[in-house]
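Given the coordinates of chain V, assemble chain B onto it according to the supplied hints.
There are 2 protein chains.
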Amino acid sequence: MTLSKELAEIVGAEHCLTGTDIGARYAQDLWGSDRKGDPQLVVRPGGTAEVAAILRLCHERGVPVVPQGGMTGLVSGGVPGADEVVLSLERMNQVEELDRSTRTMTVQAGCTLAAVQDLAAEHDLMFPLDVAPRTAATIGGAIATNAGGLRVLLYGMMRELVLGLEVVLADGTIVNGLHKLVKNNAGHDLKQLFIGTEGTLGVVTRATLRLRPAPQCRFAAMCGVADLDAALDLLHRLQAALPGMVSAFEAVWDDAYEVLLPVRDEITLPLQKVHPIAVLIEVSGVDAGKDLDRLHRALDDCADIVGESTVAATAEQVGLLWQARERIPKQILQMQPLFGFDISLPAGLLDQYLSEVREELRGHWPAVKLLVFGHLGDGNVHIAVVTGEQTRDRKAVVEHIIYRAVRRHGGSISAEHGIGFEKRPYLHYSRTAEEIALMRLLKQTLDPRGILSPGRILDEASQ
Amino acid sequence: MTLSKELAEIVGAEHCLTGTDIGARYAQDLWGSDRKGDPQLVVRPGGTAEVAAILRLCHERGVPVVPQGGMTGLVSGGVPGADEVVLSLERMNQVEELDRSTRTMTVQAGCTLAAVQDLAAEHDLMFPLDVAPRTAATIGGAIATNAGGLRVLLYGMMRELVLGLEVVLADGTIVNGLHKLVKNNAGHDLKQLFIGTEGTLGVVTRATLRLRPAPQCRFAAMCGVADLDAALDLLHRLQAALPGMVSAFEAVWDDAYEVLLPVRDEITLPLQKVHPIAVLIEVSGVDAGKDLDRLHRALDDCADIVGESTVAATAEQVGLLWQARERIPKQILQMQPLFGFDISLPAGLLDQYLSEVREELRGHWPAVKLLVFGHLGDGNVHIAVVTGEQTRDRKAVVEHIIYRAVRRHGGSISAEHGIGFEKRPYLHYSRTAEEIALMRLLKQTLDPRGILSPGRILDEASQ
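Residue numbers (this note's numbering), protein chains in the order written: chain V, 22 to 484; chain B, 22 to 484.
Worth flagging that the hints you see were computed from the coordinates, not collected in a lab. From a predicted model like this one, the values you see are computed outputs, not experimental measurements. Every residue, glycine too, gets a C-beta built ideally from N, C-alpha and C. Be a bit skeptical, because a hint or two may be false.
Stated by the list, open to error - Derived CB-CB ranges, DEER-like:
no.: 1; chain 1: B; residue 1: L354; chain 2: V; residue 2: R428; range: 47 to 53 Å
no.: 2; chain 1: B; residue 1: K57; chain 2: V; residue 2: R428; range: 48 to 54 Å
no.: 3; chain 1: B; residue 1: G40; chain 2: V; residue 2: R428; range: 45 to 51 Å
Stated by the list, open to error - In the DSS-like style, the derived pairs of lysine-lysine whose C-alpha atoms are separated by at most 25 Å in a straight line are:
no.: 4; chain 1: V; residue 1: K311; chain 2: V; residue 2: K57
no.: 5; chain 1: B; residue 1: K351; chain 2: B; residue 2: K57
no.: 6; chain 1: B; residue 1: K57; chain 2: B; residue 2: K416
no.: 7; chain 1: B; residue 1: K311; chain 2: V; residue 2: K311
no.: 8; chain 1: V; residue 1: K351; chain 2: B; residue 2: K204
no.: 9; chain 1: V; residue 1: K294; chain 2: V; residue 2: K351
Chain V with its partners taken away, still in its complex shape (with noise of 0.2 Å):
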């Protein structure tokens, strides 16, 4: 019998795809590189028995499988390679259990993150958790991928905000650690090998996850500062006076602050001026009057690092700030070519190493554009460097000089979006010889046939 055959038995027929049946979604990133693949096979399963059935299947016969969610990842993790079947996991998208009482929430992992934030918002919970796309973001991408994004600040990345998973080896054996305890040191938090590790050592198929109160009250502040070390200062003057409250702390750089010029008339430009930093706070509180006083005394307090200011006092006007920040990355989008970064470092050395950056890439292009923005707070700014032409020679160019600046910082080449495929030939800038050979070692023992997500993160003729 032939695979497609066999998978059909085990998911329906209907749910194994194969052949024009197979839409554009499966063969690439919404919004992330080029690199597209070009499936043959696609089976969607209704529940973890059946994942687990594919699995021991595709292990028996050495066929490799590459798990998909929501296809919003920007490094190529979920983008099928030759001959890998393509798992998704679209139709497991229900919430099991929202439990009051431990504040937790049990959801198979198609499940979307704006689904799982809109059920906790109805019971005044909040799942924190906050990335761009979140409507079609999955909570397994999420996990898969330790998602960070907008709130990481107060609330930590994915990693923190998961309590329990089951997962799928890639031999089909189902690994049930579905906890909602807080603290559970009964032996190794295996949950912990999954996260993170973009598919390669398991497939999630359900999450317990960790809600929290909601915010009674949120308002937001765009300021203008002269540099870095303003904006820092800002940031930790105001998280001095306003503890436990500053939920978001982003930056943008001028020349990105820049690109909503042009579409002013759309948005509401939130400052007059162009500062060399523009910064946008988010405080979450629990009473509205006071926290908006606490909010302006401390930015009062701040004035004299502050050359602008604008308060957003209502959901409507907090709304229009995001709204301003989040259209930045979809402006600089359309400017391709583009060469786009995730990067971290320690946050007191991002002025140097942009300037640092900048001026190689001006030997090479002069009229270089370096567009950055990102979670300043957690040392974290996505860079795009706009050369002109894109040219796989001129990617390699542009590559060696964000990240060997990144190497000899002490950063990290991804910070938050994974290493796929995209960012494999740097793994070695971020971690050192003997991490890369223990995630090696882990690789061949948990996958000893190559078979889940093969060539993400480690090549695969080391493996």
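Same frame as chain V, but now just chain B:
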């Protein structure tokens, strides 16, 4: 050449102890069970390279090794088994760097928790992990056991406070992952393998710790409440009123509170009456005047569920409350013989759990006492069962009753103390067969000769 001579060549003769030169500190946990080892060989390396050389040698020879920190564990993990070489990290007790700009501290594994806390405080920063034996407990031990303690509620367990690790593997390979980054998705987050695995997968030699801004003021309160529901309601109302400020929420059930009565001359008894549950709340803030008012107002708003309360407004008063709280386990430990437990449950189930367990124990020993206290905010309590006589048979009966009920309610047999030797027979009460098989696979992969802390967490026979 004998093993001891070769080890002496690595660390120097004065740091390789044999026979009667071996002090009592290497044989037994300071406050744990009465399991006692009979160490024949103790090595005290002065740095990572020496640790690597020791492990390389022991790996070649197939000699088992047990790393030791401050011996403040409670599950006999550091107690040497027969023929085990004791690898004491006591000489590796230096702080290597405090980096104010990244708010990190890089320390050797043998550095004490108190030393780290004190140095952070000198720089107006805080290392938030706190456990009673802070002057003896080491950072390496806290990492190996994923320590919890008094402030997990606001700051997380040790896992959340470690940014980078240097580890020596069983074969002597040094894996340097001393990163300072909050966000780093460049491949596997390997430190997770070693945090909480009790020295069975590698020896932690150095760590980069995450520091927090020091709170500018701390207040506390003790409240008597009528039952568990009231205690949890109080917690949630205080967290809502004082977001990001409730840094501890400790509960003491009546029988445990009563152990303070005989020593009321030595401590300040916080409450006039013995309530079903006494709760100690700690609040960390930034504005001494306003935050104390906020605490008073928040407590006033909870008058309907608080029977009696006292607020500690000065550092001295706060200290007295903590002194009373920390006196409880000390008094209980004097009530030998007793059987001690460290469990976690979904917090809302604790009362039902305790009444089921109490009833079952009374069936065996009508006069049994259950002394219960702990970190209610995390669903984690410590239970001391006093049955009178302490025999092996009786121990087995008590453990079965305590742990069967934990299993029934989906709890953990070890919230923060780990498994070690002591809880190994019950690991499967909190973990599935597939989870345990995966732990075994990791152990076999990282320590194929089984030389690192053999028999802890998993039994040796099947390793």
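Verification of the hints:
The supplied range of 47 to 53 Å is met by L354/B and R428/V, whose beta-carbon atoms lie about 51 Å from each other. K57/B and R428/V have their C-beta atoms about 50 Å apart, which keeps the hinted 48 to 54 Å range intact. In this structure the hint that G40/B and R428/V lie 45 to 51 Å apart at CB holds, the actual value being about 50 Å. For the hint pairing K311/V with K57/V, the CA-to-CA distance comes to about 52 Å; that exceeds 25 Å, so the pair is violated.
Between K351/B and K57/B, the direct Cα distance comes to roughly 21 Å. Compliance with the 25 Å bound is thereby established for this hinted pair. Straight-line distance between C-alpha atoms of K57/B and K416/B comes to about 18 Å, which keeps the hinted pair within the 25 Å bound. Note on K311/B and K311/V: the hinted pairing holds, with a Cα-Cα distance of about 12 Å set against a maximum of 25 Å. The hinted pair formed by K351/V and K204/B meets the criterion: a straight-line CA distance of about 23 Å does not exceed 25 Å.
Only pairs whose Cα atoms come within 25 Å are accepted, and K294/V paired with K351/V is accepted, the gap being roughly 21 Å.
Of the hints listed earlier, the one the structure fails to meet is number 4.
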